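Since the structure of chain A is provided, determine the placement of chain B on it from the hints.
For the protein sequence lines, the chains are A and B, in the order given. Position 107 (the first sequence) corresponds to 152 in this note's numbering; numbering is contiguous. Position 134 (the second sequence) corresponds to 179 in this note's numbering; numbering is contiguous.
Hints in this document: simulated from the structure, not taken from any laboratory. None of these values were measured; they are calculated from a predicted model. Heads up, the beta-carbon is just placed ideally off N, CA and C, and yes, glycines get one too. A few of these clues could be false.
[To be verified] Capping the alpha-carbon separation at 30 Å, the derived lysine-lysine pairs in BS3-like fashion look like this:
1. B:K151 with A:K108
2. A:K169 with B:K99
3. A:K98 with A:K249
4. B:K108 with A:K231
5. A:K157 with B:K98
6. B:K191 with A:K98
7. B:K241 with B:K52
8. A:K86 with B:K188
9. B:K188 with A:K108
10. A:K99 with B:K191
11. B:K52 with A:K191
12. A:K108 with B:K237
13. A:K191 with B:K98
14. B:K231 with A:K99
15. B:K151 with A:K52
16. A:K231 with B:K98
17. A:K191 with B:K99
18. A:K151 with B:K151
19. B:K169 with A:K99
20. B:K169 with A:K98
21. B:K225 with B:K249
22. A:K191 with B:K108
23. A:K237 with B:K108
24. B:K231 with B:K257
25. B:K188 with A:K99
26. A:K99 with B:K151
27. B:K98 with A:K151
28. A:K98 with B:K157
29. A:K151 with B:K157
30. B:K108 with A:K200
31. B:K220 with B:K169
32. A:K188 with B:K52
[Unchecked claim] Covered, in the sense of this in silico footprint (three residues per stretch, anywhere, with C-beta under 8 Å from a C-beta of chain A), are these stretches of chain B:
33. 110 to 117
34. 130 to 138
35. 141 to 151
Protein chains: 2
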Amino acid sequence: MAKNDLKVLGAWPSPYVMRARIALNIKSLDYEFFEETFGSKSELLLESNPVHKKIPVLIHGDKPICESLIIVEYIDEVWASGPSILPSHPYDRATARFWASYIDEKWFPALKGIAAAQGEEARKAAIEQVAEGLALLEDAFQKTSKGRDFFSGDKIGYLDIAFGCFLGWLRVTEKMNGIKFLDETKTPGLAKWAHKFCADAAVKDVMPETEKLAEVAKIIVAKLRGAGAPPK
Amino acid sequence: MAKNDLKVLGAWPSPYVMRARIALNIKSLDYEFFEETFGSKSELLLESNPVHKKIPVLIHGDKPICESLIIVEYIDEVWASGPSILPSHPYDRATARFWASYIDEKWFPALKGIAAAQGEEARKAAIEQVAEGLALLEDAFQKTSKGRDFFSGDKIGYLDIAFGCFLGWLRVTEKMNGIKFLDETKTPGLAKWAHKFCADAAVKDVMPETEKLAEVAKIIVAKLRGAGAPPK
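The following block holds chain A by itself, in its conformation from the complex (with noise of 0.2 Å):
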């Protein structure tokens, strides 16, 4: 048994489960961690989280805690005497909780949306939508990181985590499209952050190889392509 008796159920490729990892990461946590595999549930996922049974699940003790977010949240108010992961300050939390929101609402579908976009305007107009979340993005980062290394100071936070997992998948998506979403002209701020926030000792760990996850996209996007085409 772990010192604090945690374990997270998750799956390498899945941007959420990292959300988790590098929360407990931050706090030097040890988690035990039981590894889903692809196109399965386990008996311990079906239990924990019986209304989504989605990973990430974190159990700490036998208190099942799920959604990435939530359980960002609940790493940080339990062990709240480490490294802080929310902004101390209510109006910064609210920002850093705003874009969280905007990224999985928005931002993340639309890049999931170049991967299943059938044919090639489908495809550049979900790219042209990833890339104004981003300049977006950028702008969020400018105004609240103030010339500092992160979205909320000069450690990685709640924001930084929400985003930054999707970096893994953002690569790839470059990399299939032949495109480059980050770079020191359109977003010299989130070029830079991104290459800050993969090298952190609480992330370099938990985020995955680009040519491992482009493995895994292929088999996604294969599967995203298949289910949306149109009818013969």
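Frame of chain A, contents of chain B only:
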């Protein structure tokens, strides 16, 4: 200028706007209410929420805060000396956030699905989905309220607000479909809870009358059905 310089941009039929107003009422905070006109967006709204252009927006001094549940958390954190809205224990907070997210992502979309359903079979399936969600929420209520009036104790809090704001729309849906979702047999806990919630001092003045809301519903349903009508 109100004592705390608080403005709410909203519209009376919006359940999301109600969340912000209930939270302000719990903390006994005065605010100016700016009613947005149905079908158009004020300059102040477009300036304050340029990303989503949606109500509610809370403007505190010169700072806009967007997204209803983020506003509720902001109010709870800034006026921390007033009655607490979020539960105090991290696990209870995670549980409340989990169900609030379930309501927004699954349950309320299902409720809207009843009005948008094309044909009797689709309508019945949507009703069944809403009832299944209510069974989950009844179970959650029994577990977290532990015999008390509200989801996390003797006073209304975060999850009560997140769910309770939809009671007006639930009643309208019951009325329009000749069904009863909340009753003493299927959902004894929630049926009692709904009465207590609507009678609460922080709620009663912002909960719209079912008749008045039904008028708005007719306009929205006509729109929904029009948009989703199968091609002839």
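Hint by hint, here is what the structure shows:
1. For the proposed pair K151 (chain B) and K108 (chain A), the alpha carbon gap of about 23 Å is at most 30 Å, so the pair holds.
2. Annotation: proposed proximity of K169 (chain A) to K99 (chain B) holds, straight-line Cα distance about 27 Å (limit 30 Å).
3. Note on K98 (chain A) and K249 (chain A): the hinted pairing holds, with a Cα-Cα distance of about 28 Å set against a maximum of 30 Å.
4. Restraint check for K108 (chain B) and K231 (chain A): the C-alpha separation of about 27 Å stays at or below 30 Å, so the hint holds.
5. Of the supplied pair hints, the one linking K157 (chain A) and K98 (chain B) holds, its CA atoms being roughly 23 Å apart against a limit of 30 Å.
6. Our distance criterion of 30 Å between C-alpha atoms is met by K191 (chain B) and K98 (chain A), whose separation comes to about 26 Å.
7. Distance restraint check for K241 (chain B) and K52 (chain B): the Cα-Cα separation of roughly 28 Å lies within the 30 Å cut-off, and the hinted pair is therefore satisfied.
8. Our distance criterion of 30 Å between C-alpha atoms is met by K86 (chain A) and K188 (chain B), whose separation comes to about 26 Å.
9. Taken as a hint, the K188 (chain B) and K108 (chain A) pair is honoured in the structure, with Cα atoms around 14 Å apart against an allowance of 30 Å.
10. Annotation: proposed proximity of K99 (chain A) to K191 (chain B) holds, straight-line Cα distance about 27 Å (limit 30 Å).
11. In summary, the hint linking K52 (chain B) to K191 (chain A) is supported, as the alpha carbons are separated by about 28 Å, within the 30 Å threshold.
12. The hinted pair formed by K108 (chain A) and K237 (chain B) meets the criterion: a straight-line CA distance of about 28 Å does not exceed 30 Å.
13. A hinted pair counts as satisfied when its Cα atoms are at most 30 Å apart, and K191 (chain A) with K98 (chain B) qualifies at roughly 26 Å.
14. A C-alpha spacing of about 28 Å is found between K231 (chain B) and K99 (chain A), which places the hinted pair at or below 30 Å, so the restraint holds.
15. Taken as a hint, the K151 (chain B) and K52 (chain A) pair is honoured in the structure, with Cα atoms around 27 Å apart against an allowance of 30 Å.
16. Between K231 (chain A) and K98 (chain B) the alpha-carbon distance is near 25 Å, which keeps this suggested pair within the 30 Å criterion.
17. Under the criterion of a C-alpha separation no larger than 30 Å, the hint pairing K191 (chain A) with K99 (chain B) is consistent with the structure, at around 27 Å.
18. Between K151 (chain A) and K151 (chain B), the direct Cα distance comes to roughly 17 Å. Compliance with the 30 Å bound is thereby established for this hinted pair.
19. A threshold of 30 Å between alpha carbons decides the hint, and for K169 (chain B) with K99 (chain A) the separation of about 27 Å falls inside it, so the pair holds.
20. Simply put, K169 (chain B) and K98 (chain A) have alpha-carbon atoms about 25 Å apart, close enough for the 30 Å limit, and the pair holds.
21. Between the alpha carbons of K225 (chain B) and K249 (chain B) the distance comes to roughly 22 Å, so the proposed pair stays at or under 30 Å and holds.
22. At most 30 Å may separate the alpha-carbon atoms for a hinted pair to count; K191 (chain A) and K108 (chain B) meet this at roughly 17 Å.
23. Restraint check for K237 (chain A) and K108 (chain B): the C-alpha separation of about 28 Å stays at or below 30 Å, so the hint holds.
24. Proximity of K231 (chain B) to K257 (chain B) is assessed by CA-CA distance (about 27 Å); at most 30 Å being required, the pair is judged to hold.
25. For the hint pairing K188 (chain B) with K99 (chain A), the CA-to-CA distance comes to about 22 Å; that is within 30 Å, so the pair holds.
26. Taking the CA atoms of K99 (chain A) and K151 (chain B), the gap is near 14 Å; set against the 30 Å cutoff, the hint holds.
27. Of the supplied pair hints, the one linking K98 (chain B) and K151 (chain A) holds, its CA atoms being roughly 14 Å apart against a limit of 30 Å.
28. In summary, the hint linking K98 (chain A) to K157 (chain B) is supported, as the alpha carbons are separated by about 23 Å, within the 30 Å threshold.
29. The hinted pair formed by K151 (chain A) and K157 (chain B) meets the criterion: a straight-line CA distance of about 20 Å does not exceed 30 Å.
30. A threshold of 30 Å between alpha carbons decides the hint, and for K108 (chain B) with K200 (chain A) the separation of about 25 Å falls inside it, so the pair holds.
31. Of the pairs offered as hints, the one joining K220 (chain B) and K169 (chain B) holds, with about 15 Å between alpha carbons and a cut-off of 30 Å not exceeded.
32. Between K188 (chain A) and K52 (chain B) the CA atoms are separated by roughly 23 Å; this keeps the pair inside 30 Å, and the hint holds.
33. A stretch counts as covered by a chain when three or more of its residues have a beta carbon under 8 Å from one of that chain; for the segment 110 to 117 of chain B and chain A the count is 5, and the coverage holds.
34. For the segment 130 to 138 of chain B, the proposed coverage by chain A is satisfied: 3 residues have a C-beta within less than 8 Å of a C-beta in that chain, meeting the threshold of three.
35. Coverage of the segment 141 to 151 of chain B by chain A holds. Counting CB-CB distances below 8 Å, 4 residues qualify, and the rule asks for three or more.
Violation of the numbered hints given earlier is absent; every hint is satisfied by the structure.
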